[in-house]
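Using the sequences and the hints, build the whole thing.
Protein sequences, first through last, are from chains A and B.
Just remember that our numbering sits 224 ahead of the position in the first sequence, which is counted from 1.
Just remember that our numbering sits 1 ahead of the position in the second sequence, which is counted from 1.
It is worth saying that the hints were derived from the structure and are not from the lab.
Keep in mind that this is a model prediction, so the values were computed, not measured.
Don't take each hint at face value.
Label-pair ranges, simulated between beta-carbon atoms [unchecked claim]: (1) B/Ala392 / A/Ala405: 53 to 61 Å; (2) B/Trp16 / A/Glu432: 31 to 39 Å; (3) A/Ala300 / B/Val297: 55 to 63 Å; (4) B/Arg336 / A/Gly253: 32 to 40 Å.
Result set (DSS-like, lysine-lysine): computed pairs, CA atoms no more than 27 Å apart in a straight line [to be verified]: (5) B/Lys60 / B/Lys288; (6) B/Lys334 / B/Lys66; (7) A/Lys368 / B/Lys30; (8) B/Lys269 / B/Lys282; (9) A/Lys368 / B/Lys334; (10) B/Lys30 / B/Lys66.
Built from N, CA and C at the ideal position, the CB exists for glycine as well.
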Amino acid sequence: MSADSPLIALEGIVRNYKQGDQEIAVLRGISLTIDPGEFVALQGPSGSGKSTLLHILGLLDRPSAGRYRLQGEDVADLPDDRLSELRNRDLGFLFQSFYLVPYVSALENVILPGLYGPTPGRQLRQRAEDLLVKVGLGDRLNFKPNQLSGGQQQRVALARALVNDPRLLLADEPTGQLDSATSIEILELLDTIHAEGRTIILVTHDDETAARAKRRIVLHDGRITAS
Amino acid sequence: MTAALPLLETLRMPWRLLRMAVEALWAYKLRSAFVVCGIALGIASLTIIVAAVDGAERKALEIVKFFGPDTAFVLGGDFRSRAVGQRTLTLTWDDARAIRQSLPGAYLVVPMRAKSGLTLHYLDNQEDLPIAVGATAGYAEVWNWPLVEGRDFSDEDVTRGAKVCLIGDTPARNLFGDASPVGRTIFVGRLPVQVIGRLSYRGLSGGGGSIDDRIILPISTLTQRFNLDRRYFRALRVKFRDPENMAANVAGLRSLLRHEHKLVDGDKDDFSILTADEILKFLSMFKGGLVIFLGVTALVAIVVGGFVLANLFYLSVSERRSEIGLKKALGAKSRAILLQFLVEAVLLTLLGALLGMALGMAMGQLLARLGLLEILFSWKVFFMSVAAAVAIGLLFGLKPARQAAALDPIEALRGL
Numbered sequence: 225m226s227a228d229s230p231l232i233a234l235e236g237i238v239r240n241y242k243q244g245d246q247e248i249a250v251l252r253g254i255s256l257t258i259d260p261g262e263f264v265a266l267q268g269p270s271g272s273g274k275s276t277l278l279h280i281l282g283l284l285d286r287p288s289a290g291r292y293r294l295q296g297e298d299v300a301d302l303p304d305d306r307l308s309e310l311r312n313r314d315l316g317f318l319f320q321s322f323y324l325v326p327y328v329s330a331l332e333n334v335i336l337p338g339l340y341g342p343t344p345g346r347q348l349r350q351r352a353e354d355l356l357v358k359v360g361l362g363d364r365l366n367f368k369p370n371q372l373s374g375g376q377q378q379r380v381a382l383a384r385a386l387v388n389d390p391r392l393l394l395a396d397e398p399t400g401q402l403d404s405a406t407s408i409e410i411l412e413l414l415d416t417i418h419a420e421g422r423t424i425i426l427v428t429h430d431d432e433t434a435a436r437a438k439r440r441i442v443l444h445d446g447r448i449t450a451s
Numbered sequence: 002m003t004a005a006l007p008l009l010e011t012l013r014m015p016w017r018l019l020r021m022a023v024e025a026l027w028a029y030k031l032r033s034a035f036v037v038c039g040i041a042l043g044i045a046s047l048t049i050i051v052a053a054v055d056g057a058e059r060k061a062l063e064i065v066k067f068f069g070p071d072t073a074f075v076l077g078g079d080f081r082s083r084a085v086g087q088r089t090l091t092l093t094w095d096d097a098r099a100i101r102q103s104l105p106g107a108y109l110v111v112p113m114r115a116k117s118g119l120t121l122h123y124l125d126n127q128e129d130l131p132i133a134v135g136a137t138a139g140y141a142e143v144w145n146w147p148l149v150e151g152r153d154f155s156d157e158d159v160t161r162g163a164k165v166c167l168i169g170d171t172p173a174r175n176l177f178g179d180a181s182p183v184g185r186t187i188f189v190g191r192l193p194v195q196v197i198g199r200l201s202y203r204g205l206s207g208g209g210g211s212i213d214d215r216i217i218l219p220i221s222t223l224t225q226r227f228n229l230d231r232r233y234f235r236a237l238r239v240k241f242r243d244p245e246n247m248a249a250n251v252a253g254l255r256s257l258l259r260h261e262h263k264l265v266d267g268d269k270d271d272f273s274i275l276t277a278d279e280i281l282k283f284l285s286m287f288k289g290g291l292v293i294f295l296g297v298t299a300l301v302a303i304v305v306g307g308f309v310l311a312n313l314f315y316l317s318v319s320e321r322r323s324e325i326g327l328k329k330a331l332g333a334k335s336r337a338i339l340l341q342f343l344v345e346a347v348l349l350t351l352l353g354a355l356l357g358m359a360l361g362m363a364m365g366q367l368l369a370r371l372g373l374l375e376i377l378f379s380w381k382v383f384f385m386s387v388a389a390a391v392a393i394g395l396l397f398g399l400k401p402a403r404q405a406a407a408l409d410p411i412e413a414l415r416g417l
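Next comes the structure, spelled out in structure tokens:
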């Protein structure tokens, strides 16, 4: 793939849900391209479809219609196992409520995505340790999630999202459960990660958070209203 | 690179799943313990059954060997209708003489009586004697029970009512320790008798008492000195020359005894003839009953264990929905989720199997101590338990594991 071709290209993405007899359209034709290295904020009121769009972008959901090319590859009809591989290798996820596995240590949580990939164990462990140091938790490697604060948990999750060295980081309201000081810490870490050349797509309904992104996409009622 | 590398890479995923499974089981200790106990109880009963059946079989063969394939055992009275109160003293000296003289093939006939509740003493040593047997010459031979020391009775000992005895292994040990009992005089009750032979150790126990705990007196001595009826005796051992024709031998013995007892057609036998075959039949009937009774018990226990497992795994899947959803979002394939849950199920059942076997063996030891069963560790039991455990784990773990693997990551994460 050449340097100037887009990382993500969506064409006419539609997503309908069945609710009883009714079809509800959540996304009504989304077309957009995102280039490598962009920092994009996906904004919109609740129910606007931004989470659904993020799920589709993250290969967790499939569009009802439309074309999605990721790194030039049409991913709409790939088998589930192939999508799992792509998620594992090329995507990192950050969730609003962290989703750490409660019964293993911070380090084991960071290692987790690597366990489903090809990286040898020792190398993986080293990478996970380095990442935890990088997010400022070098002294908390063996802490369980319930021994960490919310901000610390989200930093563990951030290290986890990076352990397989993905090109694209997808963050779904990553500061939604954090106070403003902690939020700023997380957002600054995102800035650093972006500065390393990674592409970030950040879902938020908060203008201040969105302001950190270099580009904003606003969704309303399943359509892009500003880009 | 080396050839080992692809192998290492193939094993990497199963190894990682195994470790994840162990971590999860350790994290949910209580639930794991319930499953392990449920399975363990089932496997414990299975262990006992197989061991008991094996033990019963070994014992049956031992008894049959002891009994001898060339020998018939005649009991007074029909033992099938003993409960009716039919008299059991029907065998007489005339019968013994008739068999010895006119039954073709029979070469040794030994009549027997027994008395229980006597005491033995020698110097200061005293012990209760469960049974004193009265017999004629040839007791050791007719029971295939060789003497390790001394000699058997002579015909003269029997006709004279001599005060001599053969001593079993247990009283010999208790009264004399390692010293030789032969030639010593011991007291049976108040009667002094000289030990002339020592029976070898037999080590067969039936219903609590040891068969070695006995002495043998000439039948005349026993009946005269201990006031027993002199005309009748309880049992007869008849040894034949040709064990291949036991059926014919037994038929001949039966018609002779019926003739001697003046039974006409239609009368029931007033005696019972036992042969090794017959005992084997009886024992296998008993064994069959044991297998069915214990088998049903074990089956129920194992099925219950399996359902406990299935239930707790469904609980586990619904409780760990977000973990499953997360793992799928992070790139775990459905197969990896399925495998992790199956590995968890199989690990727990295997652990249950090992615990169950230990439990079963311990209970077996207890039963063996009580003299009810004889139980030995066997690899057969081990492999059966392990196979049963894996089968239970796969059977009852598969459905919940598939359910976990089929979870939609978005739904699963949202369900938190």
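So, going through the hints one by one against the coordinates:
no. : hint                            : result
1   : B/Ala392 / A/Ala405: 53 to 61 Å : holds, 57 Å
2   : B/Trp16 / A/Glu432: 31 to 39 Å  : violated, 46 Å
3   : A/Ala300 / B/Val297: 55 to 63 Å : holds, 57 Å
4   : B/Arg336 / A/Gly253: 32 to 40 Å : holds, 35 Å
5   : B/Lys60 / B/Lys288              : holds, 11 Å
6   : B/Lys334 / B/Lys66              : violated, 62 Å
7   : A/Lys368 / B/Lys30              : holds, 17 Å
8   : B/Lys269 / B/Lys282             : holds, 22 Å
9   : A/Lys368 / B/Lys334             : holds, 26 Å
10  : B/Lys30 / B/Lys66               : violated, 52 Å
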